[in-house]
Each structure stands twice: as structure tokens, then as C-alpha cells.
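Given chain W's structure and the hints, the job is docking chain A onto it.
There are 2 protein chains.
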Amino acid sequence: MQEIIQKDNNTVFIGQKEPMTYVMAVVTQFNSSNNSVVIKARGKAISKAVDVAEIVRHRFINGLTVTNIKIDTEEVQREEGTMKISAIEITLTKE
Amino acid sequence: MQEIIQKDNNTVFIGQKEPMTYVMAVVTQFNSSNNSVVIKARGKAISKAVDVAEIVRHRFINGLTVTNIKIDTEEVQREEGTMKISAIEITLTKE
Numbered sequence: 001m002q003e004i005i006q007k008d009n010n011t012v013f014i015g016q017k018e019p020m021t022y023v024m025a026v027v028t029q030f031n032s033s034n035n036s037v038v039i040k041a042r043g044k045a046i047s048k049a050v051d052v053a054e055i056v057r058h059r060f061i062n063g064l065t066v067t068n069i070k071i072d073t074e075e076v077q078r079e080e081g082t083m084k085i086s087a088i089e090i091t092l093t094k095e
Numbered sequence: 096m097q098e099i100i101q102k103d104n105n106t107v108f109i110g111q112k113e114p115m116t117y118v119m120a121v122v123t124q125f126n127s128s129n130n131s132v133v134i135k136a137r138g139k140a141i142s143k144a145v146d147v148a149e150i151v152r153h154r155f156i157n158g159l160t161v162t163n164i165k166i167d168t169e170e171v172q173r174e175e176g177t178m179k180i181s182a183i184e185i186t187l188t189k190e
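Line by line, the protein sequences are chains W and A. Take 1 as the starting number for the first sequence in the numbering used here and just add one per residue. Take 96 as the starting number for the second sequence in the numbering used here and just add one per residue.
Just chain W, same shape as in the assembly (with noise of 0.2 Å):
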């Protein structure tokens, strides 16, 4: 799982592998003792990043709340030049 999860420790990248890699790496987390945990997102990788927010609060780990969820613009460089895309910041928090 080590590419999913990069720089903080704490934060889970949502690409574009199946949703379930990332509820398991959200779990994962917090079986490390991290109390809280990031999702971020991009562009039509945010609805999955909902998703796996949602399947982990309801099936896997009971009593998480949606701290914080930011939104945003980034400036992604891309071969054509500068694309600006959408981003989500999702923190889930053990109570």
C-alpha cells in the first residue's frame, strides 16, 4: 500500500484504483493509532473519495465523525501548460 499512502503519514491519495484499496488503507490507518485521518482528492476521483469516506464510517470503523472537509482549486501542470482541477480535503476523526 506504500504508494496510496505518501508524504503524511495520515493522509490517504484516492487515484484510481478500486474504492475498497482506499477504505482499507483509511482502516489501516487508524489501526496505527492515528486518531484522524486525511482523503484527498482531484477532479473525477472526488465522488470516490466521498465514497470511501461514507463505506468507512458506516461498515468499517464505528464512532468516526467528518471533522472537516475542505474544497478547492489546484494548478496542475500538464504537457498542454497549466489545467486548473477541483480538490477535496475529507478528515475523519475517532471521537
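Simulated from the structure, these hints should not be mistaken for laboratory data. All of these numbers come straight from a predicted model, not from anything done at the bench. For glycine and all other residues, C-beta sits at the position ideal for the given N, C-alpha and C. What you were told as hints is all true, and nothing was included just to trick you.
Below, computed lysine-lysine pairings styled on PhoX-like, alpha-carbon distance capped at 25 Å:
| no. | chain 1 | residue 1 | chain 2 | residue 2 |
| --- | --- | --- | --- | --- |
| 1 | W | Lys70 | A | Lys139 |
| 2 | A | Lys165 | W | Lys70 |
| 3 | A | Lys135 | W | Lys70 |
| 4 | W | Lys44 | A | Lys112 |
| 5 | A | Lys165 | A | Lys112 |
Label-pair ranges, simulated between beta-carbon atoms:
| no. | chain 1 | residue 1 | chain 2 | residue 2 | range |
| --- | --- | --- | --- | --- | --- |
| 6 | W | Gln77 | A | Gln172 | 38 to 48 Å |
| 7 | W | Lys17 | A | Lys189 | 32 to 42 Å |
| 8 | W | Asp72 | A | Asn105 | 18 to 28 Å |
Reference excerpt, derived from the structure (chain W facing chain A, CB under 7 Å, subset only):
| no. | residue |
| --- | --- |
| 9 | Lys44 |
| 10 | Ile46 |
| 11 | Asp51 |
| 12 | Ile69 |
| 13 | Ile71 |
| 14 | Thr73 |
Relative to the frame of chain W, chain A by itself:
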């Protein structure tokens, strides 16, 4: 635009049309003297809802704040039975 603005006057439901259709619906709501507009979406349309909110804030109306974002799981009746689907509500408010 009647079909995309249902029930609540200040709510815009994101469906399968182009993002700019919904951007214009949100702008119209603010121009009809609403101080606050709620953008709602389910499933794959969630990413589009975030795009719409970000486009309105950055390109159309200055001084808008994201005052609330809520994620949830809704039950939808389909022919195959009951399905669970993620949903989002983004509230934009004029300062």
C-alpha cells in the same frame, strides 16, 4: 432552467448536463437576491458539484464563502432493489 431547480428555491441539483448549465443556475439564484445557495449531488455527479462551486466562486461572483459542506449516504430505490449512494451538499454564502 426549471427542471434543474426543484423544491427549495435556493437549491441547485447537479445532474448529467454540462457544468456550465449548473454554474448559470447558481449565479441566477444569487442574482434573484438569495444570499445563500445549496448545491446538491449524488454519486458520480459529486465531482461536478465541486467543480460548479469552484467555478462560481473563482470566475463569476466575488466574495462567496463555502459556509458548509455535508456528506451523507442516501438510499435510492431501483428496480434491482435498494441501493446506497453517496451525496454531498455544498452551501455557498455571500459575505
